Amino acid sequence: MKFLEHRAKEILFRYGIPIPKGEVVETAARAAAAAESLGNRVVLKAQIPAGGRGRAGGIKFALGPEDARAKAEALFKTRLITPQTGKQGLPIRSILVEEAVSFRSEFYIGAAVDRSQGRIVLLASPRGGIEIEETARTKPDAVFREEIDPFVGLLPYQARRLAFALGLTGESQTQAAAIITGVARAFLQNDASVIEINPLALTDEGRLLALDAKVVLDDNALFRHPDFRPPADDPDADPAEAAAARVGLNYVRLGGDIGCLVNGAGLAMATADQIQAAGGRPADFLDIGGGVSEDAVREGFKIVVSDPGVRAVLINVFGGIVRCDLVARGLIGATKETGARVPFVVRFQGTNAAEGRALLAASGLAYEPAETMGEAAKKAVAAARGGSRS
Amino acid sequence: MKFLEHRAKEILFRYGIPIPKGEVVETAARAAAAAESLGNRVVLKAQIPAGGRGRAGGIKFALGPEDARAKAEALFKTRLITPQTGKQGLPIRSILVEEAVSFRSEFYIGAAVDRSQGRIVLLASPRGGIEIEETARTKPDAVFREEIDPFVGLLPYQARRLAFALGLTGESQTQAAAIITGVARAFLQNDASVIEINPLALTDEGRLLALDAKVVLDDNALFRHPDFRPPADDPDADPAEAAAARVGLNYVRLGGDIGCLVNGAGLAMATADQIQAAGGRPADFLDIGGGVSEDAVREGFKIVVSDPGVRAVLINVFGGIVRCDLVARGLIGATKETGARVPFVVRFQGTNAAEGRALLAASGLAYEPAETMGEAAKKAVAAARGGSRS
Amino acid sequence: MSILIGADSRILVQGFTGKEGTFHSTRMIEYGTRIVGGVSPGKGGRVHLDLPVFNSVAEARAATEADVSVLFVPPFAAADAIMEAAAAGIRLIVGITEGIPVLDMIRVKKFLSGTNSLFLGPNTPGVISPGRAKVGIMPGPIHRPGRIGIMSRSGTLTYEAVWQISDAGLGQSTAVGIGGDPVTGLSFVDLLELFRADPETEAIVMIGEIGGTAEDDASAVIRNGYPKPVFAYIAGLTSPPGRRMGHAGAIIEGGTGRAENKAGILAEAGAVVIPLPSEIGTTVSAYFKRNDPS
Amino acid sequence: MSILIGADSRILVQGFTGKEGTFHSTRMIEYGTRIVGGVSPGKGGRVHLDLPVFNSVAEARAATEADVSVLFVPPFAAADAIMEAAAAGIRLIVGITEGIPVLDMIRVKKFLSGTNSLFLGPNTPGVISPGRAKVGIMPGPIHRPGRIGIMSRSGTLTYEAVWQISDAGLGQSTAVGIGGDPVTGLSFVDLLELFRADPETEAIVMIGEIGGTAEDDASAVIRNGYPKPVFAYIAGLTSPPGRRMGHAGAIIEGGTGRAENKAGILAEAGAVVIPLPSEIGTTVSAYFKRNDPS
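Chains as they are written, first to last, in numbering that gives the first Met the number 0: chain Y, 0 to 389; chain V, 0 to 389; chain F, 0 to 293; chain R, 0 to 293.
Keep in mind that the hints were calculated from the coordinates and are not lab data.
Remember, it's a predicted structure, so these values are computed and weren't measured experimentally.
Idealized CB from N, CA, C, for every residue including glycine.
Incorrect hints may have been included.
[Stated by the list, open to error] If the Cβ cut is set under 10 Å, some of the chain Y residues that face chain R in the computed set are:
(1) Val151
(2) Leu154
(3) Pro155
(4) Arg159
(5) Gly169
(6) Thr173
(7) Ala176
[As the list claims (entries may be wrong)] No more than 27 Å apart at the CA atoms, straight line, and that leaves these computed lysine-lysine pairs for BS3-like:
(8) Lys335(Y) <-> Lys301(Y)
(9) Lys109(R) <-> Lys108(F)
(10) Lys108(F) <-> Lys1(Y)
(11) Lys108(R) <-> Lys109(F)
[Claimed, not checked] Covered by chain Y, according to a simulated footprint, are these stretches of chain R (three or more residues, beta-carbon under 8 Å):
(12) 50-56
(13) 82-88
Same shape as in the complex, but just chain Y (with noise of 0.2 Å):
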């Protein structure tokens, strides 16, 4: 789970670590009064929840409550393009408003795990403001390292070590050195994936503020965290995938034509792979996972099937623990509750597949059956062209 800012800064600074004074609004009229509030110069800053936002337009300075409103508006009315929104680009319905901050230079500090060592590695540079990864490529000596023992914490010469190697002494040293156990801690102890302060400023007064912060948590650990739940109706969120999570299903949409049902996640995108390869364009990745429900198949379909873009669906399943026969169950519940007629076809092999095939063949729907996922994918993309939808 990823937060917005605004809330990833709250976190950190449950943590000591400082944060500028803010506020978050929803309309401009509200900009207008924190930025009476917080003083002259502030920051108007677009809370969405993808990256490169600030080339995108989505952070603005202003002068005074008038200037502050007069933007704020301007960004309210503006759908923000990123490289990680998509195309359409996502609406902004919320707007931090904080303190304009002078600074002298600025730090990276970030925590994340290492999954080929599987650990936990904490990483400062003192080129921040820019990507790490762009400061690991073109600049590996100003990337310090420390892990993060998952027992022990980072220990506090640790922190120093890292505190120093920014470049840091005095007060602003030992500021740094508490900032980064205060990452260290907020990590284990929320079961992060990632951390990131960036920029951490150094300010003209010789403070440590952190002005950028990016705290995402593992969506297998929320159970420990019941305070992070996600809200259930995310507005941003897409409706199929936020409907596929409502029924535990994972679902991404892919935007081509052919919609695919799939078990598991390597033979889902495998079967993608072999969908484009066969010279077709698949229209979402669906796992229905390994103990997945009758019910569960039939709102997969649908899902699949709501996509105005689909022409035809291939539905691959290898049974194991999942059976065939139950998957065939769902299909066709699915097809006869919606009437979808939308041209499939059917892969079934693995546990009860002959059961499978056979219940579908039973069931007088129109599909394809195939023995392999070659055939699957030639026979669904042959579908899509030919197919209409009725």
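The hints should help you fit chains V, F and R onto chain Y, whose structure is shown.
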């Protein structure tokens, strides 16, 4: 720092460990009121900072408020003498009045530092209500152990194993595992040296309840637990020991007639051994430690001679960080200030020994110099036999 | 021979009496796997599927001499169960459970580094040595004994590969899922070393996917002169970038993680990269026909 | 030769610029010890006592090739400083600090078990190889180079033993304090093994005291046939029972901890038990005269 039973129980209660309903009272009238509110049958438990209370008559059952009042009155008039209190015993200043509980069986749960291995061990035994040392000696198979890793903590499976080892099943096993986990957490979070629940009773209703508890914290870690600092004016403390503690010295009354002032715990113990071997009896153990000031030496000497049984004083200082001249100055100051005429023997070796001897010689004080520990002990014994306090 | 497990493996099921544990234990026993008992805390002393149930792994191991355990416990209890098995001296622990927090796996790895236990998973279908033992949830009938070692990050895609290989008339020495989670126990590199030492295994099929560097790490082993042919398929060529990979993860992984990069590095290292999932069986069987026309 | 340190040891002082660090570093340098620099976080780059000051042990070690460090840091910061030294690869860490929480030492021991570092202390006067190097706070002049190895749980009582031995015309190969705290790094057992391998050391004097089982553990080594004579004095024969020992500590330590018990076990194991502290020098010198009348 060792807590009284009721404080120990309060601490454990915060870790989810169930304790009987009860109230601490300082008058017989309040004992009667407590009995009234707790129900018909209560237990009165003398709150003294020493074990062995039960056999010494410090625990009484009472039926109803009037009985509770009478028994509390009797207890408040008693000095409790147990193997741990010394011959003069301890006054009873407070009584824990608890609901009387009927139980089927008693268990032992404890955690302590295993000095030899340098680790923390959690112990459990189905033989509660008796000293764990006795069980370990007579029935070692009835003592079960798990290490508490100082970084990892006690893992759930370890708590389960101990709970199963106690022979518990179902709800009681789950409850025991939770109690064991609580003890481990309390140990780590409070820098404990010892935590014991003995007995942990399985009541007739099938609940586990900590009937008695002991919590000792590591004095060296109290800086991390400012809430636990002992009250400055512990009325039961030995006044000389308390006075020494206030100036950072370690004084233990030993009851003989030769006062000792030594630098270093090992040398102080050895000095006492040497006195005894010479036919004398040490009056005290006073370690002035390594970083002592002239003032502290003066205070230490005053504390030693404040013991009316002291008929001679042996000062044994092997200068290391402590300089003998500083000690000499403290001694001279103290004797001038108090006018004490008790004979004293001074043995200086190590750092600035010659300077110290010269200062004493020039001071005009009457004292016996000694070159070795053996000589010093013999001279002190002779002085204690021949001398008299004026 | 095979790797990790064999006909003489003595297998314990953790979470034995639960619904999942019962279902899959039954399948494993049907397959001929030597299940020697199970652990279900609080149910010790019972008999389940004609086998003894224990309260703890230590107790179970003492009574059954089990050397392998397979876990069907819920995510919140999985890390504890793995550490319990390791502390009890279980040699190979197979974690089927999906949805374990990553931090728990990082803790488990740290804990296991002080023991002699190997951990496979989590979120793995398990490991099977066809005809000898099945420790996991994969469908048994698609497997055939043979000389191909299979290792994979995926569940059903492994079944697909196994099925194609069996369908092509070949078989598997061992098929192993390392699990689909970001942090796993045994890695492709570990398995390559085990397969290297296994005389029965003549070639390896690696099924990778986007994300992480497991395949890149394996490339390094292959590049250093691996004595057996390695066939690799990487799923996710068409997967959209950025959807599944954490931002700061990318920096640690050196900007890698894309399927085409992984495939490129593998090809360069000397692996036979299979471009399409439908061609796994045909590619491997063509190789064997070419090299071993008998 | 000597154990732990020698004339070529390169020594770092942690807490270098503080009052204690400055005072004792000066004494150590005067003694001829090769102090190569110090660590005082935040003071890196300065020069103190003509030596470089560093912000971290890692930095200091890289610049000075130090292999030993000695700590003069306050109790609350000591555990971190020890772990920092160990993580930086310091071979021997000497902890002078008194008053470190026991739990911190337990954590430190666990941390060090994953490294190659040795820890001496805490609450120790340190270690001295007379005439070569002094790493600690003991008064240098009482020592004489020689062939007796001294190990002790006490500070000033060690000086007493050293003084008596020097006074008797003998000298010390190395004198080591293991520290007076309940949980220590190097133990008597560890030091016995080091002394065993040191050709310069011909006899060992062990100064024990009440509490714990350090002496009992050493007895076991002596009983198994230790090649050099071991003299032992145990302080606290007259100490009142129960005053200094925790209740549950007694059970772990098997009911031992009394001076007379320790002395008895040592005598039985073959050590020469010295009954009185005033007789340490005379007993050892009598032995040497008897066995080596030259």
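Here's how the hints hold up against the structure:
1. For Val151(Y), the interface hint holds, since its Cβ comes within 10 Å of a Cβ in chain R; the closest pair sits about 7 Å apart.
2. Here the hint on Leu154(Y) is kept, as its CB sits about 6 Å from the closest CB of chain R, short of 10 Å.
3. At a threshold of 10 Å, the smallest CB-CB gap from Pro155(Y) to chain R is about 4 Å, leaving the interface hint in force.
4. Residue-level restraint check for Arg159(Y) holds (minimum Cβ-Cβ distance to chain R is 5 Å; threshold 10 Å).
5. Evaluation of the Gly169(Y) hint against chain R yields a held restraint, the C-beta minimum of about 7 Å falling below 10 Å.
6. Look at Thr173(Y): its Cβ gets to within about 8 Å of chain R, closer than 10 Å, so that hint holds up.
7. The interface hint given for Ala176(Y) is met, as the beta carbon of that residue sits about 9 Å from the closest beta carbon of chain R, less than 10 Å.
8. Of the supplied pair hints, the one linking Lys335(Y) and Lys301(Y) holds, its CA atoms being roughly 11 Å apart against a limit of 27 Å.
9. Among the hinted pairs, Lys109(R) with Lys108(F) is consistent with the structure: their alpha-carbon atoms are about 17 Å apart, no more than 27 Å.
10. Among the hinted pairs, Lys108(F) with Lys1(Y) is consistent with the structure: their alpha-carbon atoms are about 26 Å apart, no more than 27 Å.
11. Of the pairs offered as hints, the one joining Lys108(R) and Lys109(F) holds, with about 17 Å between alpha carbons and a cut-off of 27 Å not exceeded.
12. Counting residues of the segment 50-56 of chain R whose C-beta lies closer than 8 Å to any C-beta of chain Y gives 3; at least three are required, and the coverage claim holds.
13. With a cut-off of 8 Å between beta carbons, the segment 82-88 of chain R has 3 residues touching chain Y; three or more are needed, and the interface restraint holds.
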